[in-house]
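S.K.: If you read the protein sequences in the order shown, they are chains A and B.
Each position in the first sequence, counted from 1, maps to that position plus 6 in the working numbering.
Each position in the second sequence, counted from 1, maps to that position plus 78 in the working numbering.
Calculated directly from the structure, the hints in this document are not laboratory data.
Since the model is a prediction, treat every value here as computed from it, not as a measurement.
Built from N, CA and C at the ideal position, the CB exists for glycine as well.
Any given hint could be a false lead.
[As the list claims (entries may be wrong)] From the structure, some residues in chain A lie toward chain B, with a derived Cβ separation under 10 Å:
id, residue
1, L38
2, D40
3, K126
4, A239
5, L367
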Amino acid sequence: MSLPAAAQPALQGGMHMADAVGRFIDTTGVLLFDWRTPVMWAIAGVVIFLAIRKKYEPLLLLPIGFGCLLANMPGSGMMEPGGFLHTIYGFGVVNELFPLIIFVGVGALTDFGPMLANPKTIVLGAAAQLGIFTSLLGAVALGFDLREAASIGIIGSADGPTTIYTASSLAPHILGPIALAAYSYMALVPIIQPPIMRLLTTPRERATKMEQLREVPRRTRILFPIVVCLFCALLIPAATPLIGMLMFGNLLRESGVVERLARTAQNELINITTMLLSLCVGATMVAKDFLTPQTLGILLLGLAAFAVSTAGGVLFGKLMYWWTGGKVNPLIGAAGVSAVPMAARVVEIEGQRANLDNHLLMHAMGPNVCGVIGSAIAAGVLLALLR
Amino acid sequence: MLDGLVILAIGMGVVFSFLILLIFVVHGLHRFERLLSGARPGPAVLPDSPPEEACGEAAAGPAATPAEDEDEGKRLAAALAVAFALETQGAARPPTEAAGESGGAWRRAGRLMLMQPPARVARRGGQP
C-alpha cells in the first residue's frame with residue numbers, strides 16, 4: 007500500500023513515526039482545549055436541555071444549542087472561512103436572507119382577521135414597541151454603541167426573525183447572545199408577562215368582556231396585504247423587505263388560489279430555513295465572543311426590553327379602557343409584543359382568571375399580529391437611521 | 079445618550095403614525111367593501127377562522143353555495159369543533175352557550191373551548 011502523494015516528500019525528508027504521531031496529535035482538539043471550551047459546552051447543554059426537557063421554543067433553541075456545540079469543537083474550524091457553518095452563515099444570515107424567508111412563512115401562518123375586525127386595537131401593537139427604544143437608551147447608558155444598542159433593544163419586539171434581521175445588519179458580532187436572549191425570553195412569555203399584567207391592572211379591568219368580532223369579507227383580507235405593502239414602501243422603505251415578505255406570505259394564504267404555495271410557506275419553507283438559521287445563530291456563540299461581560303448586559307437588557315414592552319401595551323390598553331368607557335380589556339395590550347400566538351394565549355388565561363366567561367383570545371390576536379407589523383416598522387426605522 | 083433619545087422619539091413617533099394610518103387604511107378598506115357589496119354581494123369569511131391544524135380544509139375558501147348548504151356546512155364544522163374540543167380536553171361538557179343560534183356561533187363556542195390550553199402547554203414552542 008502506498009502513502010498519499012502529499013505525505014511522500016515529508017517521509018523522503020526523513021519524517022519518523024514519532025514525528026507523524028506528533029503531527030497528528032497537534033491536529034487533535036485536545037491541545038486546542040482551554041477553559042472556555044467546557045464552559046461553552048455547558049451553555050450549549052443548558053440550551054439543549056431547556057429545549058428538550060422544558061420544551062422552551064424547541065424548534066429554535068435545539069438547533070441553536072447544537073450550533074453552539076459544533077462551533078465550540080476545538081480545531082473543527084466549522085465557523086472559520088471555508089467551514090460549512092460559516093458557508094451557511096454567509097449564504098443566509100450575513101445577507102439577511104433567512105429572516106426574510108421565515109417572514110414569508112410567518113405571513114402565511116398569520117390571520118389578520120381579528121385585527122381587521124377591530125382596527126382600533128392596532129394601536130396597541132405600537133405601544134408595545136416601547137421596550138425596544140427604552141432598552142436602546144439603557145444599552146447606550148451601559149456603554150454600548152448606538153448600533154449595538156439598537157440590536158439589543160430590538161429584543162423587546164419579541165420577534166425572532168426581526169431581531170436577527172436587525173442584529174445581523176447592525177451588530178453581527180453580538181448576534182449570538184441577542185438571538186439567544188430573544189428566543190429564551192419568548193419562551194418565557196407566560197412567566198414574564200402575567201406579573202406585569204396583574205400589577206398594572208385592577209381585577210375589574212381584567213374581567214372586562216369584549217364585544218364579539220364582526221365578519222371580515224374575503225376581498226378585504228386580500229386587499230389588506232397589498233395595500234399595507236404599498237404604504238410601507240412609500241413611507242418606510244427600509245421596512246419594506248420585512249413587511250413585503252410578511253404580506254406576500256399572507257396573500258398566499260388569503261388568495262385561496264395557491265394552496266400548495268401557502269402550505270409550503272407554512273411548513274417546509276419555514277421549517278428548513280428556521281433550522282439553518284438557528285444552527286448558524288448558535289454557531290456565532292463562539293467562546294471568545296460570547297464569554298464577555300457584554301453578554302450578561304445583553305441578557306439583562308433584553309429582559310428589561312420585554313418587560314417594558316409588555317407594560318407599554320398594558321398601559322395603553324388601560325388608556326383605551328377609559329377612553330372607550332370600559333369596552334376594551336387592557337390585558338389585550340400585553341399581546342402587542344409579537345410572540346405569536348403565545349402572548350395572546352397568556353392574555354386569554356389571565357382574562358379567564360378574572361372572569362371565567364371571558365374569552366379574549368381572538369381579541370388579543372389583533373394586537374398580537376399588529377405587534378409583528380409594529381416591530382418590523384421599528385426595525386425599519388432603526389435600520390434607516392443607523393445602517 | 080442624546081442620540082438615543084432622538085431615536086426613541088423618532089422611532090415611537092413613526093411606529094405610532096404608521097399604525098394609526100393603518101387604522102384609517104382598514105376603515106377605508108371596509109368602506110370600499112361596503113361600496114362594492116352594496117352593488118354585488120360577495121362571500122364573507124369569519125374573522126376568527128381557525129388555523130388549518132384545527133379544521134383542515136374547513137377553513138379554506140369561501141362558501142359560494144346556496145344558503146341552506148352553507149348553513150349545513152357550518153353546523154357540520156360546529157359539530158366537528160365540539161367533538162375535537164371534547165376529545166382534546168377530555169371533558170364531558172359541551173359548549174352550553176353561544177352568542178346567537180347560527181352554526182357559526184356554535185362553531186366559535188366549540189373552538190373557544192378547544193383554544194383553552196392547560197397552563198403548561200402555553201410554554202411550548204409556537205411560531206418561530
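S.K.: Does each hint hold? Answer for all of them.
M.R.: Hints, verified against the model:
1. Interface restraint check for L38/A: the shortest CB-CB distance to chain B comes to about 34 Å, outside 10 Å, so the restraint is violated.
2. For D40/A, the shortest C-beta to C-beta distance to chain B is roughly 34 Å, which exceeds 10 Å, and the interface hint is violated.
3. Of the supplied interface hints, the one on K126/A holds, with its beta-carbon coming within about 6 Å of a beta-carbon of chain B, less than 10 Å.
4. Hint status for A239/A: violated, given a least beta-carbon distance of 12 Å to chain B, over 10 Å.
5. Taking 10 Å as the C-beta contact cut-off toward chain B, the hint placing L367/A at the interface holds, the least distance being around 5 Å.
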